[in-house]
Amino acid sequence: MPFDFLNPGFGVAALFLAALVAPFVGRKNDRFPATLWALVPGAIFFYFLSGAGPIWGGTTWRDSLTWATELGMDWDLWVSPVGLLLALLVSGIGTLIVIYAAAYLKGSDRLGRFLCYLFLFAGAMLGIAVTENAIVLFVFWELTSIASYLLIGHYHEKLESRKSALDALLITAGGGVALLAGFILLGEITGSYRIGVWVDAADAIRAHPLYTGAFLCVLLGAITKSAQFPFHFWLPGAMAAPAPVSAYLHSATMVKVGIFLLAILHPALGGTSLWHYTLLALGAITMVWGALVAMVQSDLKRLLAFSTVSALGTLTMLLGMEHTLSVKVAMLFFIVHALYKGALFMVAGALEKGTGTREIGQLRGLMRSFPALGIAAVVAAFSMSGLPPFIGFIAKELLYEVKLETPVIGISLLICGIVTNAANVVVALKVGVLPFLGEAPSAEPKSMKPTKIGYWIGPVLLGFGSIAFGVFPDVTLGRPLEAMVAQIAAEEVTIKLKLWHGFNLVLLLSLVTVLSGVGLFLIRKRLSRYSAALREGVGWNGTTIFRSGISGFLFFSGLVTRTIQSGRLHSYLAVLFSVAVAGLVTAWWKSGYTLTLPAKGAIRPDVAILTIVLAAAAVALVRCRRRMASVLILGCIGFGIAGFFALHGAPDLAITQILVETLTLLLFALALYGLPPMREERRAGIPRVPAVVLSVAVGLVFTLLTLKAFDVQVAEPVSLELAAKSLPEAFGKNVVNVILVDFRALDTLGEITVLLIAALGAAAMLGTGRSRFSRERLESSPVLSASARYTAPAMLVFSLYLLLRGHNEPGGGFIGGLVAAMSAVLVHLAHPSVKLRLFRLGAASLMVVGLATAVLSGLPGLLSAAGFLAAQWGPEFPLPAVGKVKIGTPLVFDIGVYLVVAGVVLMLYEAMERNRVRENVEPEPAALP
Amino acid sequence: METLAAILVGTLAACGTLLVLRNGLFRILLGLALLAQAANLLVFTAAGLGRGDTAIIGPDERTLAEGHPDPLAQALVLTAIVISFGVLAFCLVLLKKTRARIGAAGVSGLANTET
Chain A
68 MPFDFLNPGF GVAALFLAAL VAPFVGRKND RFPATLWALV PGAIFFYFLS GAGPIWGGTT
128 WRDSLTWATE LGMDWDLWVS PVGLLLALLV SGIGTLIVIY AAAYLKGSDR LGRFLCYLFL
188 FAGAMLGIAV TENAIVLFVF WELTSIASYL LIGHYHEKLE SRKSALDALL ITAGGGVALL
248 AGFILLGEIT GSYRIGVWVD AADAIRAHPL YTGAFLCVLL GAITKSAQFP FHFWLPGAMA
308 APAPVSAYLH SATMVKVGIF LLAILHPALG GTSLWHYTLL ALGAITMVWG ALVAMVQSDL
368 KRLLAFSTVS ALGTLTMLLG MEHTLSVKVA MLFFIVHALY KGALFMVAGA LEKGTGTREI
428 GQLRGLMRSF PALGIAAVVA AFSMSGLPPF IGFIAKELLY EVKLETPVIG ISLLICGIVT
488 NAANVVVALK VGVLPFLGEA PSAEPKSMKP TKIGYWIGPV LLGFGSIAFG VFPDVTLGRP
548 LEAMVAQIAA EEVTIKLKLW HGFNLVLLLS LVTVLSGVGL FLIRKRLSRY SAALREGVGW
608 NGTTIFRSGI SGFLFFSGLV TRTIQSGRLH SYLAVLFSVA VAGLVTAWWK SGYTLTLPAK
668 GAIRPDVAIL TIVLAAAAVA LVRCRRRMAS VLILGCIGFG IAGFFALHGA PDLAITQILV
728 ETLTLLLFAL ALYGLPPMRE ERRAGIPRVP AVVLSVAVGL VFTLLTLKAF DVQVAEPVSL
788 ELAAKSLPEA FGKNVVNVIL VDFRALDTLG EITVLLIAAL GAAAMLGTGR SRFSRERLES
848 SPVLSASARY TAPAMLVFSL YLLLRGHNEP GGGFIGGLVA AMSAVLVHLA HPSVKLRLFR
908 LGAASLMVVG LATAVLSGLP GLLSAAGFLA AQWGPEFPLP AVGKVKIGTP LVFDIGVYLV
968 VAGVVLMLYE AMERNRVREN VEPEPAALP
Chain B
430 METLAAILVG TLAACGTLLV LRNGLFRILL GLALLAQAAN LLVFTAAGLG RGDTAIIGPD
490 ERTLAEGHPD PLAQALVLTA IVISFGVLAF CLVLLKKTRA RIGAAGVSGL ANTET
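Protein sequence lines, in the order shown, are assigned to chains A and B.
If you read the first sequence in our numbering, its first letter stands for residue 68, the second for the next number, and so on.
If you read the second sequence in our numbering, its first letter stands for residue 430, the second for the next number, and so on.
So here's chain B without its partners, still in its complex pose (with noise of 0.2 Å):
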C-alpha cells in the first residue's frame, strides 16, 4: 500500500516538474501547485498509512488505538495545505502582475525587467 502511495508522490512530482521546466508562467503555476500536493503527500505517507481509523481518541478511550495514523504528520499537513493555498494565490497575483510589466514577452521577457 505504502509502495504505491510512494509511487503516486514521485509521479505528481515528476508531473509538477515538467510543467515547471517547459512551459510559460501560469502552467509554471499548476506545476508548482501539483509539487506542493506531491510534497504533503510525501509528509503524510511517510508518517505510515492507518488502516481506517481517524487521529480521534474514542469516546471511552484515554489515547488512540493501536494502528492510529500519526496526528503529528496531519497537523504539520493541515498547515502545509492552507499555507500552499496562500503562496498559490500570492503567485497568482504575481503572474496578474508581471503579465501586465512584461506584456506578451511570457517567461523570455523576465530577463530584461531588471531596469
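Just chain A, with the same shape it has in the complex (with noise of 0.2 Å):
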C-alpha cells in the first residue's frame, strides 16, 4: 500500500507548508502560473487513489507517530473507506479549486494569502480524514473554522464580510468546543481516544450513564459545522466569500465534516433512540426549510447556500435513519451533492464574474456567451433535479425506496422528502437552466474572463463525473459504497447499484416529483413575492437573532465589569478583605476547628506592658489626625516590636526591626513634603460602621490563625534539624544567620532581588535626571557636621564588625547594610553637597556588585554533589575583636547581602531626597484635569 511507503500524514505536512510558502512565490512576478499550485492537491489525490484498492476492499490503514503518549496524544493516523472518501473529495475537488481560484482571483494582490489560508483549509480538512486519535482530529477540526473564517473574510474591508466571518466562526468554533468536551467524555468512559476503540467498546458507551451527555455534546459539534437547523444561518452569510471558497468549504467539504463525524462514530455511538430520533428530527426539518427558503431566494449563491442546507439535512435524517440502505444513500448523496454543488457555485461564481451580478432576474441568454459553463450546469442542474443519467437521479431514487421501507415515519418522510426534491427542482431549474436560456441577454457581459479555461475546466469535469457515476454506478461506486457502509454501519453488506429500475412506485414518485417542481417553478415569481412579504412581516431571522444575543452578551459583559470594576480603591480593598476572611472562616468551619487556648504561662509583666503600649499605640495611630504625629506613632510601634522581639530571645530582629523603623521614619518624614493637609483625603474610604466590622473581623481572623498556630502541628519541627546542623555542618552558632546564608541561601537571594527590584522601581518613578537644584540647598546643622566627621566612620567600622561576626553572634548581612547605609546617609545629611557614596560606590554600583557576590559565591557549590549555593569552607582565621572568622562562600553571600542592602536603602534614599529638593524648589507639576 502507498500509506507504508509515504505517510498521509506527509500530505497534511505538504498542504501546510504549501499554505507557509504560497504567499510568498510570485510575489513580485505578476506571471507566476498560480494554476500550477494545482499540483500539490493533485498529487495527493492521485495518492490517496493509488492506494484505494484494499482500503475499499474493506481493510482500514492505521499508524500512530508518537507525541504525547501520557496524555493520550499520538497522531493516530488511519485511513478508513469513509476517510479515504473525504480526503479524495478534498484532494481531487480541491485541486479544481485552485485552478479555479487562480481564474477567478487573476491579478489580485490578495491572491497569495487567499492560497495561503486555503492550504491551511485543505491540509487541516485532511488531517481530519486521515486522523483517528480524536483530540488531534479536534485541534484539525478548530483549524478548519479558522481557515473559514478567514476565508469568508476575504474582502475584510467590506463590514457584512466580517460580521459573517465572525459569525460562522462563533457558532463553528463554539460547536467545536462542545465537540471537545464530547470527545474527552468518551475518553473518560472508555480510556482511550481512538475512535477504533470506541467503535469496539460501544456497547459499554451506550449502556454509560454519560452516554447522553456525550452524545449531546458530539451532536453539537456535528450540527453546528454541518449548518443543521437553528445553526444554519451562518451557511447563507458566509456566501460574502469569495466563490472558490463557497464552492470548496461551503458546499463540497468543511460544511460535510459534521456529517463526516456522525458517520464515523455511528458504530459507536448510533442505534439508540436518542441518535435515531434526534437526528431524523434535525435533518428532516433543515432539509424541508432549507429547500423551502432555496427556492424563493433571488441570489444565486444565496439560493446554492440553503439549498446546500436543505442537502445537509438530507445526510442527517439519512443517518438517523439506521438503516442499511439509509446509509448507503447517504454516502452516494455526499458524493452526488459535493459533485453538483461544487459545479454550480463555481458556475455561479463565473457568471458573477462575467456580468457583474447574482440576481437571478438579471442573468438571461447566457449560453452563447458562455457555452462551456451553460453545459456544465445544465448537466448539474439535473444531477440535482434527480433526472436520468445522472448519478443524482440513482440517489433519489434509492432515497424514495429507503423512505418507503421504512413504515409510519418513512410515509411523512417521504412527504418531507417530495417537498424538498420539488424544491431542489425548482432551484436547480433557477440555477443551472435559467441564466443560460432565452433569446437576448439582458446585458452584454461586461467581461468575457469565465471565458478561460480555469473557470469552466473544474465545472465540466464535475459535471462529466456526475455523468460517469451516473451510467456506470457500480462499476465506479459499488465496491467504494460497499466498504464505506460496512464501516458505517458495522455490517457487511452488499450493494447492486444500477440507473435503470423498471417502472415501479419510485420511479412514479420520480415523476410526481419532478413535474410538481416545474409546476412550482412556473409560478416561482409569485412565491418570491409571497415569501418576500413573510418575510417583512415577521422581521428577523437566525442571524439577527444571534447578532442580537451577541450583542446582549457583550452589553452584560459590560455591566458586570463596570459592576465588578468601580475603579474605587477602597471597594478593591474591602472585597480583598472580605474574601480573606470569608475564605478562612469557612475553612475553618468546614474542618471543624476548635479554640484551644495555649497553656497559661506566669504572665511576664514586662511583656504585657509593652503589649498594652504597643494596642494603645495603634488605636491612637487610627484616631490620630497630624500627619507627622502619626508617622511618629507608627515609629513608636516599630520600636515597641522591637522591643517585644528582644524580650523573646531574637537579638537580630530586635536589631534590624530598629535600624528599619529609623530609616522608614527618614523616609516618611522626606514624603511629608507637599502633600495636602490631612483633611483634604478625608471622607475617601467606606462607611464607618461596615469598615469597623470588617475591621474587627480581620483582626478576629489574625488571632485566631495566631492561636490556631499552637495547635497544629504536623511534623517535627524543622527548625530542631537545623539546629542540630548548624554548628558541626555550618560552622555557626547563629542560627538564624546560619539558615539565611546557607542553609535556605537561594531564599535570601530571591528576598535581596526582591528588594532591589522595589528599589529600583522607587528610583525609576521619581527620576533618575539629577535636580539642577540640588547642589545649592547647602545650609545643614553644623552640630550635625561636626559630630557626623567622627561618627559616621565608627559606624561603618562597626557594620564591618557586625558583618563579620553575625555567624556566631548577633549580627549579619542585613543589620550590617542597614548600619552601613546609615553611616552614608548621615554624611549626606551633614554634608549634602557630598555626593551620597559608599565605599566609594554609588547605591546602583553597591547593588549591582552586591547582587553579583551573591550569585558568584553560589557558583563553588555547583562543583559539589549539592549543587548552587551549598556551602564550600575555607580555613578559619582569628580576627582582632572579632574572634575566629571561617572563610567561606557564606561569607562571601553575606557580603554580597550586606551590599545590596546598603545600596537598596541609599537607592531610596536618594530618590526621595532629589524629589524632595525639586519640590521645594519648582512649583508642583499642574494636576491632570
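Just so you know, the hints here were simulated from the structure itself, not pulled from any lab data.
Model, not experiment: these values are computed from the prediction.
Mixed in with the good hints, there may be bad ones.
What the hints assert, rightly or not - DEER-style ranges, computed between Cβ atoms:
hint: 1; chain 1: B; residue 1: E490; chain 2: A; residue 2: A654; range: 37 to 45 Å
hint: 2; chain 1: A; residue 1: R856; chain 2: B; residue 2: L523; range: 30 to 38 Å
hint: 3; chain 1: A; residue 1: S645; chain 2: B; residue 2: R491; range: 47 to 55 Å
hint: 4; chain 1: A; residue 1: G834; chain 2: B; residue 2: R491; range: 48 to 56 Å
hint: 5; chain 1: B; residue 1: R530; chain 2: A; residue 2: A696; range: 22 to 30 Å
hint: 6; chain 1: B; residue 1: R491; chain 2: A; residue 2: S848; range: 46 to 54 Å
hint: 7; chain 1: B; residue 1: R530; chain 2: A; residue 2: L643; range: 44 to 52 Å
hint: 8; chain 1: B; residue 1: G487; chain 2: A; residue 2: V864; range: 45 to 53 Å
hint: 9; chain 1: B; residue 1: R530; chain 2: A; residue 2: R755; range: 27 to 35 Å
Claimed, not checked - One-sided excerpt, in silico: chain A residues whose CB lies under 10 Å from chain B:
hint: 10; residue: E468
hint: 11; residue: L471
hint: 12; residue: A535
hint: 13; residue: V538
hint: 14; residue: G659
hint: 15; residue: E876
We put the beta carbon where it would ideally sit given N, CA and C, even for glycine.
Fit the two chains together into the complex; they arrive one by one in their own frames, and the hints show the way.
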C-alpha cells in the first residue's frame, strides 16, 4: 500500500507547507502561473487514489506517530473507507478549486494570501480525514473553522463580510468546544481517544450514564459545523466569501465534516433511540426548511447556500434512519452533492465575474457567451433534479426507496422528501438553466473572462463525473459504497447500484416530483413575492437573533465589568479583605475547628506592659489626624515590636527592626513634603460601620490564626534539625544567620533581588535625572556635620564588625548593610553637597556588585554534588575583636547581602531626597484635569 | 503569654485594616505598615515564644538549648522586615507620583486615571 511507503501525514504536512510558501511565490512577478499550485492537491489526490484498492476492499490502514503518549495524544493515523472518500473529495475538488481560484482572483494582490488560507484549510481537512485520535482530530476541526473565518473575511473591507465571518467562527468554533467536551467524555468512558477503540467499546458506551451527555456534545459540534437548523444561518452569511471558497468549503467539504463525524462515530454512538429520533428530527426540519427557503431566493449564491443546508439536512436525516440502505444512500448523496453543488457554485461565481450580478432576474441568454459553463451548469442541474442518466437520479430513487421501506415515519418523511426534491428542481432550474435560456441577453456581458479555461474546467469535470457515475454506477461506486456502509453500519453488505430499476412506485414518485417541481418553477415569481412579504412581516431571522444575542451578551459582560471594576480603591480593598476573611472562616468551619487556648504560663510583666502600650499606640494611630504625629506613632509601634522581639530571644530581629524603623521614619519625613493637608483626603473610604465590622473581623482572624498555629503540629519542626546541623556542618552558632546565608541561601537570594527591584522601581518612578538645584541647598546643622565626621566612619567600621561576627553572634549582612547605609546617609545629611557614596560606590553600583557577589558565591557549590549555593569552606582566621572567622562561600554570600541592602537603602533615600529638593524649589506639576 | 500576643496581633491587624479602608492614600500607607507589623508578629508568635533565650548556640554547646526560640521563624521574619521596608518605600514613592498626577482629588481621583 502506498500509505506504508509514504505516511498520509505527509499529505497534511505538504499542504501546510504550501500554505507557508504560497504568499511569497510570485509576489513580485505577476506572470507566475498560480495554476501550478494545483499540483499539490492533485498529487495528493492521486496518492490517495493509488492506495484506494485495499481500503475499498474493506481493510483499514493504521499507523501512529508518537507525540504526547502520557496525555493520550499521539497522532494516530488511519485510512478508513469513509476517511478515504473525504480525503479524495478534499484533494480532488481542491485541485479544481485551485485552478478555478487562480483564474478567479487573477491579478488580485490578495491571491497569495488567499492560497495560504486555502491550503491551510485543505491541510486541516485532510487531517480530519486521516486522523483517528479524537483530540488531534479536534485540533484539525477547529483549524478548519479558523481557516473558514479567514476565507469568508477575504473582502475584509466590507462590514458584512467581517460580520458574517465572525458569525461563522463563533458558531462553528463554539460547536467545536462542545465537540471537545464530548470527546473527553468518551475518552473518560473508554480510557482511550482512538475512534477505533470507541467502536469496539460501543456497547459499553451506550450503556454508560454519560452516554447522553457525550452524544449531545458531539452532536452539537457536528450540527453547528454542518449548518443544521437552528444553526444553519451562518452558511448563507458565509456567501460573502469569494466563489471558490463557497464552492470548496461551504458546499463540498467543510460543511460535510459534521456528517463525516456522525458517520464514523455511528458504530460507536448510534443504534439508540436518542440518536435515531434526534437526527431524524433535526435532519428533516433542516431539509425541508432549507429547500423551501432556497426556492424563493433571487441571489444565485444564497439560493445555492440554502439548498446546501437542505442537502446537509437530508444527510443527517439519512444517518438518523439507521438502516443499511439509508447509510448507503447517505454516502452516495455525500458524493453526488459534492459534485453538482461544487460545479454550480463555480458556475455562479463565473457568471458573477462575467456579468457583474448574482441576481437571477437579470441573468438571461448567456449560453451563447459562455457555452462551456452552460453545459456544465445544465448537467449539474439535471443531476440535482434527479433526472436520468445522472448520478443524482440514482441517489433520489434510493432515497425514496428507503423511505418506502420504513413504515409510519417513512411516509411522513417521504412527503418531506417529495416537497424537498420538488423545491430542489426549482432551485436547479433557476441556477443551472434559467440564466442560459432565452434569446436576447438583458445586458451584454461586461467581461469575457469566464470563457477562459480556468473558469469552466472545474464545473465541466465535475459534470462529467456526474454522468460517468450515473451511467456506470456499480463499476465506479459499488465497492467503495460497500466498504463505507460496512464501516458506518458496522455490518457486511452487498450493494448493487443500477441506473434503471424498471417501472415501479419509486419511478412514479420521481415523476411526480419532477412535475411538481416544474409547476412550482412556473409560479416562482409569485412564490418569491409571498415569501418576501412574509419575511418583511416577521422582521427577524436566525442571523438577527444570533447577533442580538451576541450584542446582549457583550452588554451584559460590560455591565458586570462596570459593577465589579468600579475603579474605587477602597471597594477593591474591602472585597479583598472580605474574601480573605470569608475564605479562612469557611475553611475553619468545614474542618470543625475548635479553639484551644495555649497553656497558661506566668505572665511576664514587662511583656504585658509592652503589649498594652503597643495596642494603645495602634488605636492612637487610627485616631490621629496629624501627619507627622502619625509617622511618629508608627515609629513607636515599630520600636515597641523591636522590644517585643528582644524580650523573646530574637536579638537579630530586634536590631533589624530598630534600624528599619529609623530609616522608615526618615523616608516618611522626606515624603511628607508637598502632601496636601490631611482633611482633604478624608471621607474617601467606605462607610464607618462596615469598615469597623470588617476590620474587627480581620483582627479576629489574625488572632485565631495565631492561636490555631499553636495547635497544629503536623511534623517535627524542621528548625530542630537545622539547629542540630548548624555548628557541625555550617560552623556557625547564630542559627538565624546560618539559615539565611547557608541552609536557605537561595531564598535569601530571591529576597534581596525583590528588594533590589523595589528600589529600582521607586527610583525609576521619581526619575534619575539630577536636579539642577540639589547643589544649592547647602545649609545643614553645624552640630550634625561636626559630629558626623567622627560618628560616620565609626558606624561604617561597626557595620563591618556586625557583618563578620554575624555567623556566631547577633549581626550579619542585613544588619550590617543597614548600619553601613545609615553611615552614608548621615554623611549626606551633614554635608548635602557631597555625593552619596559608600566604599566609593554609588547606590546602583553597590546593588549590582552585591547581587553579583551573592550569585558568584553560589557558583563553587556547582562543583559539589549539592549544587548551586551549597556552602564550601576554607580555613579559619582569628581577627581582633571579632574572634575567629571561618572563610567560606556563606561569608561571601553575606557580604553580597550586605552590599545589596546598603545599596537599596541608599537608592531609596537618594530618590526621595532628590524628589523633595525638586518639589521644594520647583512648583508642583499641574494636576491632571 | 501567647494568648496575649495573639490578641496584640489581632489588634494591630484590625487597626491596620481600618486605616486602609477608611482613609486617603497617606493613611492607607500607614495601614499597610501596620498590617506588615501584624503579619511579622504573627509568624514570630505562631512559632512559639521563647523564654528569653536566644537562637544562638551557647559557648560550649553543640546545639540549641532546650526551650529555645524557633530560629527558622526568626529568619523568615528578619527578611520580611527588610522586604516590607522596601515595599513601604516603594509605596511611598508611588504615593508621591500619584499625588503629582491626580492632584488633590485623593483616592476618588484614582478611578479616572486610566486614559
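Here is what the structure says about each hint:
1. B:E490 x A:A654: 37 to 45 Å: Between E490 of chain B and A654 of chain A, where Cβ atoms are some 41 Å apart, the hint holds.
2. A:R856 x B:L523: 30 to 38 Å: This hint holds: roughly 36 Å between Cβ atoms.
3. A:S645 x B:R491: 47 to 55 Å: Taking Cβ atoms as reference, S645 of chain A and R491 of chain B lie about 50 Å apart, which means the hint holds.
4. A:G834 x B:R491: 48 to 56 Å: holds, 55 Å
5. B:R530 x A:A696: 22 to 30 Å: For R530 of chain B and A696 of chain A the Cβ distance comes to about 27 Å; the hint holds.
6. B:R491 x A:S848: 46 to 54 Å: holds, 52 Å
7. B:R530 x A:L643: 44 to 52 Å: violated, 24 Å
8. B:G487 x A:V864: 45 to 53 Å: violated, 28 Å
9. B:R530 x A:R755: 27 to 35 Å: holds, 29 Å
10. E468: Violated - the Cβ of E468 of chain A stays beyond 10 Å from chain B, reaching only about 69 Å at its closest.
11. L471: Since the shortest Cβ distance to chain B is 69 Å, the answer is violated.
12. A535: Violated - the Cβ of A535 of chain A stays beyond 10 Å from chain B, reaching only about 67 Å at its closest.
13. V538: violated, 72 Å
14. G659: For G659 of chain A, the interface hint is violated, since the closest Cβ of chain B sits about 21 Å away, which is over 10 Å.
15. E876: OK, holds: E876 of chain A within 10 Å of chain B, min 7 Å.
This entry does not satisfy hints 7, 8, 10, 11, 12, 13 and 14, going by the numbered hints stated previously.
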